[in-house]
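Participant: Sequence:
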Amino acid sequence: MPAMASKAISVCVAFFLISVLLSQNTHSKPTHDQHDPFKFIQHLEGCHKGQNVSGLQELKKYLTKFGYLNYDHSKHANDDEFDDILESAIKSYQKSYHLKVTGTLDTTTAKQMMMPRCGVPDVVNGTRKGSKKHNHKHKSIHGNVRSICAQAFQRWAQVTSFTFEEVPATSAADITIGFHRGNHGDGSPFDGPRGTYAHANPPTGGNFHYDADERWSSNPGPNEVDLESVAVHEIGHLLGLNHNPDLQDAIMYPYFDYGIIKRDLHRDDIDGIRALYGLQ
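Here the sequence shown stands for residues -28 to -1, 1 to 252, numbered as in mature numbering (1 follows the signal peptide of the UniProt record, and there is no 0).
Simulated from the structure, these hints should not be mistaken for lab results.
One thing to keep in mind: the hints can contain errors.
Per label pair, the in silico range of CB-to-CB distance [said to hold, decoys possible]:
1) Ser26 / Met87: 16 to 26 Å
2) Lys72 / Asp221: 49 to 59 Å
3) Gly18 / Ser60: 38 to 48 Å
4) Ala144 / Thr80: 45 to 55 Å
5) Arg239 / His15: 33 to 43 Å
6) Ala144 / Gly250: 43 to 53 Å
7) Asp8 / Val95: 20 to 30 Å
8) Asp51 / Lys11: 14 to 24 Å
Glycine included, C-beta positions come from ideal geometry on N, C-alpha and C.
Whole structure, please, built from the sequences with the hints as guidance.
Facilitator: What follows is the structure in structure tokens.
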């Protein structure tokens, strides 16, 4: 297929909670390190079908949130019963991450689930989907965060025929980036430090939200999250890519731990975005 002609993609980064973000990096509270929304999984380790264990309801919510469980109208959707549906969901999760398929919450599965990650659901047996629209705009944010986001967009621009144009915050934008905490009106509330770091809509939703309660950094220590690494991942969602649980080195792998820097696109990320838009 011939290469697609170069298209301008303008993208706007909104100016939300930047002062909260910057002050948090220098005045973090001691409770920050103690908070872990996925910690409950550790206490469920070893659970299997047929048991009724306090906290399994939260595991069902976790698997529902990330695309592995759909109870519909089952009577066990909101209880602590380990039923056939939950076992099947755990097996699907284990298959996605190439774990031993046991259907039980074994040690390896629990450890994987407890890692911090992107808040966008995984797509089970799904395909990458994209928009045919190639002209986007993004709003600008201030200072260091602005330049970091620009670098992240540039990483995708270098492997496609796209260019990303920054426009003033007062202009119409196809993509808006901001920092939010807790319930911020999009139906996907953040959970504080650890847990989920960020989420973004596929085309043409255009929203990319960082969790303002995380410790963000451009040069992360062991208890900080790398701004650019997360931005590169979320921009992949904005452009239409889904998660890839097969390759831990890929940008679109959903889990991402504290202190890690992963900014370079993997061959799979590049092939995915080029295939999505018909680029050679």
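Participant: Taking the hints in turn, state whether each one holds.
Facilitator: Right, here's what the structure says about each hint:
1. Ser26 / Met87: 16 to 26 Å: Roughly 23 Å apart at Cβ, these two residues keep to the hinted range, so it holds.
2. Lys72 / Asp221: 49 to 59 Å: violated (21 Å)
3. Gly18 / Ser60: 38 to 48 Å: violated (18 Å)
4. Ala144 / Thr80: 45 to 55 Å: holds (48 Å)
5. Arg239 / His15: 33 to 43 Å: holds (39 Å)
6. Ala144 / Gly250: 43 to 53 Å: Cβ of Ala144 to Cβ of Gly250: about 27 Å, so the range 43 to 53 Å is violated.
7. Asp8 / Val95: 20 to 30 Å: holds (26 Å)
8. Asp51 / Lys11: 14 to 24 Å: Holds, since Asp51 and Lys11 (Cβ atoms, about 21 Å apart) stay within the stated range.
Consistency with the previously given hints fails for numbers 2, 3, 6, ordered from lowest to highest.
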